[in-house]
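So the chains spell out like this:
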Amino acid sequence: MLEFINGDVACAEGAIAAGCRFFGGYPITPSTEIAERMALRLPQVGGAFMQMEDELASIMCVLGASWAGKKAMTATSGPGFSLMQESIGLAAMTETPCVIVDVQRAGPSTGLPTLVAQGDVMQSRFGSHGDYRTIVLAPANAQEMYDLTIRAFNLSERFRTPVIVLSDEVCGHITSGVDLREKVDIENRKKPGSSECLPFKADEDLIPPMAVAGEGYRFHVTGLTHNEKGYPVTSAEVQQALVTRLVDKVEKRKGEIVDAEFFMLDDADMCVIAYGSEAGSAKKAVKMAREKGIKAGLLRPKVLWPLGNFEDYVKDMKKVLVVELNSGQFYSDAKCWNRNTKLLGGYGGELHRPDDILKVMEVF
Amino acid sequence: MSMKSWQNQRGFLFLKEERCKGCGFCIDLCPKKVLRQSEVMNAKGYHPPELYDVEGCIMCDICTEICPDFAIYRYRSKERGKNA
Amino acid sequence: MVPQEHPLEQLLRSDRMPHIWCPGCGLGTDLGCYLRALSGMDLDKVAFVSGIGCSGRAAGYVAVDSFHVTHGRGIPFAIGLKVANPELTVTVWGGDGDIFAIGGNHFIHAARRNIELNVICINNAIYGMTGGQVAPSTPLRAKTTTTPYGNYEHPFNFSYMAAASGATYVARWTTAHTKELTKSMREALEWKGFSFIEVISMCPTTFGRRNGFADGLEMLKDMKARSEVKNFPDLEDTDIGEKIVVGKFVEKEKRSYLEEVKQWR
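Protein chains in written order, with my numbering: chain B, 1 to 364; chain G, 365 to 448; chain P, 449 to 713.
Everything labelled a hint here was simulated from the structure, so no lab data went into it.
Check the hints yourself; a few may be wrong.
Sample of chain B residues with no beta-carbon within 12 Å of chain P, all distances over it, derived [as the list claims (entries may be wrong)]:
no., residue
1, 29
2, 205
3, 206
4, 239
5, 243
6, 254
7, 306
8, 308
9, 310
10, 336
11, 338
12, 347
13, 362
Derived coverage of chain G by chain P (criterion: at least 3 residues anywhere in the stretch with Cβ under 8 Å from a Cβ of chain P; other residues may be distant) [stated by the list, open to error]:
no., stretch
14, 371-382
15, 385-399
Which chain P residues face chain G? A few, computed with CB under 8 Å, are given here [to be verified]:
no., residue
16, 456
17, 472
18, 474
19, 477
This one's a predicted model, so the numbers in the text were calculated from it and none came from an experiment.
Backbone N, C-alpha and C fix where the C-beta goes; we use that ideal spot for every residue, glycine too.
Chain B with its partners taken away, still in its complex shape (with noise of 0.2 Å):
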């Protein structure tokens, strides 16, 4: 079914067509219009939507709500996600799946609420204190905000940890044809078998099955350090043997996650890494290069953390170059890849110009 909307309402759909049935979330430009969505269209599937007092509720009701056994989702911009990060944390402790969607506006500070800027891919990574793996997804267009979602649900629950949908304001405000596809795969958490069960002892996949609130496990869940029965402990050991389990239950399985678009690669001689809508005017200044007889690809990863092996693609090219709408928040992990690697980074407010790309390109 083919419907004219904006990446936001794309978003909220695509959450409703993942299962999500609870939705904890404050107004803030550019990302409202995903909660306006949700409003009207969770009463409809027998989910329930709050408009919580701030963000650091929005992000503790979705932490809640998943507990209760339901699919849940908060979106914010830029200052509302800087307030949810001591929760994205708890949420990575205590392996609670969720998905957290931000529509990236130009920073620090309130700084220009309604224009786009990729500001916030490190805070996506590494937001919150201590160590800890996310998932980071970053749809490029209105459709992405659709199918990103529903990735962002299914890995949420089969990997039990929190997981962003790092959009920006131009993606979630241009209205384009979305096919909001009616056959979607759902994955859903493990569940425990008997109630005897450790409920933090890992399966071979390094995840616990997860017994949710209400069906008699009677389990303890803290945000400190615990021990496979879920009570804490204080002590190194303990606590060397959980954060390893947190990190690499997403590191090592790493290749199920990472996900990126290549475009005109298999000739080129220089790579343009992009992503979210900077990467359509990265695409359109590779067309325009090709033309003009440089022999450039485009690199988009759509899954920007975990960190996917893009060295194999980048390491033989001439020229690296990495557009994106901060000061190198990606570059500085690109930039190993290749010796030859130059950013053409920004602070936001616009996205930069096919043709300002192509003129950096012309005299790499």
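Go by the hints and put chains G and P onto chain B.
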């Protein structure tokens, strides 16, 4: 865990000595003043109470309710009859 | 056969006893009252949520589905649980700092919604876990580690604040009132709407010893002596001073959040 118990016609008084932190609430609030601090020292270094006047205990539950450490508790004989 | 176990043993995570609370702390007694109030309820459908601090550790000792979450955020987490599964009876247990300082905004909004939560605040007038800093309930002029010259700030009256924010059941007791507290806790657990219980409790280790009390027992007896039972008093007269007014403060009919949702969806 070391468990002490005292019995009279009204029932039993139990004490999990290792849980006691010696706050003295039970001793002070006992309406019959039949508890006192014992000479025993538990693993954490506290002196748990003892029921020194066994017959004087009326098994009233006040020590059970006020004990912050779930250490002292009574069991009334008539309840035993009810459960049996 | 005479049962050898404590009557509340089935409700406790026995393998975690003894608990971490200090000698003379009121928290264990308050928790005992709560566990007694739970007796006879379907424990599989009870969820217990707490935030951070000494009070926050209670979640680790109650043998129901229990959640020990971020500081001050017990209430919104509990809202998620309750709204996502209305079958659950959800208790939020926290200290004065957790619920009324860092989590104060969540408290007033939850009360405003009259959402079906049972919030219990153990008010010992101090930040105990971090060693005794001034709290929003610390009496004026009291000595704490961050008010070495005495507290300059006026304390909150939590029960009045709960009522003003829309809570439909409010009661206040002290740790010394075990029977009354247990009864109120049971009423609060069964209340259809937002219920709030303030428990005036004692921290001998970080509050008492800096403010002229020898131990927890002396504090317990002092608060009992200062208590005056008044049901449905004028809430303006319930500030904690020389007297501690205790009793059932509010009990009123008002449609709850989930009833409103059902009505209008």
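Results of checking the hints against the structure:
1. 29: Per Cβ check, residue 29 of chain B is outside 12 Å of chain P; nearest 22 Å; holds.
2. 205: About 24 Å separates residue 205 of chain B from the closest Cβ of chain P, which puts it past 12 Å; holds.
3. 206: holds (23 Å)
4. 239: For residue 239 of chain B, whose nearest Cβ neighbour in chain P is about 16 Å away, the distance exceeds 12 Å, so it holds.
5. 243: holds (18 Å)
6. 254: About 28 Å separates residue 254 of chain B from the closest Cβ of chain P, which puts it past 12 Å; holds.
7. 306: Per Cβ check, residue 306 of chain B is outside 12 Å of chain P; nearest 25 Å; holds.
8. 308: The claim holds: residue 308 of chain B sits with its nearest Cβ about 31 Å from chain P, beyond 12 Å.
9. 310: holds (35 Å)
10. 336: holds (35 Å)
11. 338: Residue 338 of chain B is indeed farther than 12 Å from all Cβ atoms of chain P, at 41 Å.
12. 347: Answer for residue 347 of chain B: holds, closest chain P Cβ roughly 32 Å.
13. 362: holds (51 Å)
14. 371-382: Check passed, 4 qualifying residues.
15. 385-399: holds (count 6)
16. 456: Since chain G brings a Cβ to about 6 Å from residue 456 of chain P, closer than 8 Å, the hint holds.
17. 472: holds (4 Å)
18. 474: holds (7 Å)
19. 477: Interface hint status for residue 477 of chain P: holds (4 Å vs cutoff 8 Å).
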